[in-house]
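Participant: Construct the entire structure; sequences and hints are all you get.
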Amino acid sequence: MRRVLKNPTAVAGLLILLAFVLVAFLAPYLAPADPTAQDLAARLKPPGTEGHLLGTDRLGRDILSRLIFGARLSLLVSVTSVLIGLALGLPLGLISGYFGGRLDDLLMRLGDIQLSLPFIVLVIAVMAALGPSLLNTILVLGVTSWVVYARVVRGSVLSLKELEFVMAARALGASTPRIMQKHLLPNALAPLIVVATLELARIIVAEAALSFLGLSGVPPEIPSWGQMLADGREVLFFGGWWVATFPGVAISLVVLGINLFGDALAEVLDPRSR
Amino acid sequence: MVAWGAATLAFFLLYLSGDPVDLLLPLDASPEARAELRHAYGFDQPLYVQYGRYLWKLLHGDFGVSLRSQEPALALVLGRMPATLKLAGAGLLFALILGLPAGVIAAIKKGSALELLILTLALLGQSIPVYFLGLVLIMLFGLRWHLLPISGYGDWRHLVLPTITVGTYVTASIARLTRNGVLQELRSDYVRTARAKGLAERVVVYKHALRNAAIPVVTIVGLQLGTLLSGAVITETIFAWPGMGRFVLLAVEQGDFPVVQASVIVFALLLALVNLAVDLAYLWLDPRVRYA
Numbered sequence: 001m002r003r004v005l006k007n008p009t010a011v012a013g014l015l016i017l018l019a020f021v022l023v024a025f026l027a028p029y030l031a032p033a034d035p036t037a038q039d040l041a042a043r044l045k046p047p048g049t050e051g052h053l054l055g056t057d058r059l060g061r062d063i064l065s066r067l068i069f070g071a072r073l074s075l076l077v078s079v080t081s082v083l084i085g086l087a088l089g090l091p092l093g094l095i096s097g098y099f100g101g102r103l104d105d106l107l108m109r110l111g112d113i114q115l116s117l118p119f120i121v122l123v124i125a126v127m128a129a130l131g132p133s134l135l136n137t138i139l140v141l142g143v144t145s146w147v148v149y150a151r152v153v154r155g156s157v158l159s160l161k162e163l164e165f166v167m168a169a170r171a172l173g174a175s176t177p178r179i180m181q182k183h184l185l186p187n188a189l190a191p192l193i194v195v196a197t198l199e200l201a202r203i204i205v206a207e208a209a210l211s212f213l214g215l216s217g218v219p220p221e222i223p224s225w226g227q228m229l230a231d232g233r234e235v236l237f238f239g240g241w242w243v244a245t246f247p248g249v250a251i252s253l254v255v256l257g258i259n260l261f262g263d264a265l266a267e268v269l270d271p272r273s274r
Numbered sequence: 275m276v277a278w279g280a281a282t283l284a285f286f287l288l289y290l291s292g293d294p295v296d297l298l299l300p301l302d303a304s305p306e307a308r309a310e311l312r313h314a315y316g317f318d319q320p321l322y323v324q325y326g327r328y329l330w331k332l333l334h335g336d337f338g339v340s341l342r343s344q345e346p347a348l349a350l351v352l353g354r355m356p357a358t359l360k361l362a363g364a365g366l367l368f369a370l371i372l373g374l375p376a377g378v379i380a381a382i383k384k385g386s387a388l389e390l391l392i393l394t395l396a397l398l399g400q401s402i403p404v405y406f407l408g409l410v411l412i413m414l415f416g417l418r419w420h421l422l423p424i425s426g427y428g429d430w431r432h433l434v435l436p437t438i439t440v441g442t443y444v445t446a447s448i449a450r451l452t453r454n455g456v457l458q459e460l461r462s463d464y465v466r467t468a469r470a471k472g473l474a475e476r477v478v479v480y481k482h483a484l485r486n487a488a489i490p491v492v493t494i495v496g497l498q499l500g501t502l503l504s505g506a507v508i509t510e511t512i513f514a515w516p517g518m519g520r521f522v523l524l525a526v527e528q529g530d531f532p533v534v535q536a537s538v539i540v541f542a543l544l545l546a547l548v549n550l551a552v553d554l555a556y557l558w559l560d561p562r563v564r565y566a
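Quick note, the sequences are listed as chains A and B, same order.
Counting with our numbering, you get residues 1 to 274 for the letters of the first sequence.
Counting with our numbering, you get residues 275 to 566 for the letters of the second sequence.
To be clear, the hints were calculated from the coordinates, so they are not data collected in a lab.
Fair warning: there could be bad hints in the mix.
The calculated label-pair distances, taken between Cβ atoms and stated as ranges, are [to be verified]: (1) Gln344/B with Gln38/A: 39 to 45 Å; (2) Thr49/A with Gln344/B: 48 to 54 Å; (3) Lys182/A with Phe286/B: 35 to 41 Å; (4) Asp553/B with Leu40/A: 56 to 62 Å; (5) Pro305/B with Gln181/A: 52 to 58 Å; (6) Asp553/B with Ala19/A: 40 to 46 Å; (7) Gly101/A with Arg431/B: 54 to 60 Å; (8) Ala349/B with Leu139/A: 46 to 52 Å; (9) His420/B with Ser159/A: 56 to 62 Å; (10) Leu253/A with Ala314/B: 51 to 57 Å.
Only part of the chain A face toward chain B is listed, based on derived beta-carbon distances under 7 Å [said to hold, decoys possible]: (11) Tyr98; (12) Phe99; (13) Gly100; (14) Gly101; (15) Arg102; (16) Gly248; (17) Ile251; (18) Leu256.
Note that beta-carbon positions come from the ideal geometry of N, C-alpha and C, so glycine has one too.
Facilitator: What follows is the structure, encoded as structure tokens:
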């Protein structure tokens, strides 16, 4: 970790990430107004208007407040989706890599088939079948990401399981679950952390894409950056550039932060780059 | 194999929601109509019979009928394919033309301000989501400066903004990974040998390093194709581009499930075909693969 903190771009990324998390947690204290309060007298006010630092949207809602509350949804969806993906992908990758054979073949084929579809088409089709809802969005984004984690863990396990220390553990009579838990998992963790970090960004972008396309099923009373972008798109032609711009910048900034931090993490954790 | 997987996925999509009849009929359909449809589509049969029938029909090119227009779903989807290919192709070309030289320059000029600029731009390009980039381009080039059309399908001018939108992320990825690939080659033994022989730096870079760096770059491009198609789906929606992506979204909105199924299968086949092309590019680039 200290090596990461010596890297200025990594620190910048980490600061952006921390700010994002803090804003999400402290939203009620930070937001100047109720993010859902409509004020039809103050519709589409440009940034800098009295009481609305970043302006208002078509229904007169305060953009800054919606932005701040929108961070909560992005954080919630991305973290839970990554956890779901990890909960599925990690054990499947361990089993697949350790035992190999038919099960491994089957799982990896399944992954190939899933990856043979453009991600957004897969998600759209599943959402169309399940029906849009916030829970379904989280489930779909989480469950479909199992492949990424499974592949990374499997790759690490494949190279680790032939090493002497694993053989030694086995010779000493360690059970398979114990070998997996105590010997394989800790050593496979480093690349997994990098991937999970970068996945956070991918999920945030994907969730906003679904909201933007009107497929995420996030209730309208919950502010979401993707929904704000969709709102902004509609008023673009009436000169309301700010409605879409601020949530777009927010998403880009958070993704940039995650990418900066993730890349630095990858560099530090990859022994080849030392 | 891929086709079969995608077909199976599309088949089970119908059952994800519980009762497939719900997806195939309007919500206010009468119980008689539901029962009739259930029988007509064979939903009253055991699952394996339905699955067998479904695959059999697919093999004969029968992808079902659009619930809206009653036309064959496959033909409808294929009719939208040229527009998608045009957009994705233009995006890929844009990414290659811009991303490859940028990556090579960044590697050769390592440590320079130019490298920093390229890497910064690439990082930004990877961080801005497709839909936001599209909106920004519309705001600037379309609404503010009135330079380019912001929606529809026509001459080359209609293609400019969607191409940039689709291509930017891939451009950035190609530039970054090309740089890493070239740097790695420049550090290798054969490059040191070539330099030691007294070859001009230009020859070392262009004749030796770049040729070998081309192989990992092809891998990268191959991996980016799925991203490119995903981006195309969203871009088509933003720019009202009449391709398969916008079509599948419309079908979702209208609850036209056979069209969604057909789109899923066609997208999978398309990606499989392009990946095959990438594998063939390996053969051409890497003699080791050819002789193996």
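Participant: Going through the earlier hints one by one, which of them does the structure break, listed in rising order?
Facilitator: Those not satisfied are hints 8, 11, 12, 13, 14 and 15.
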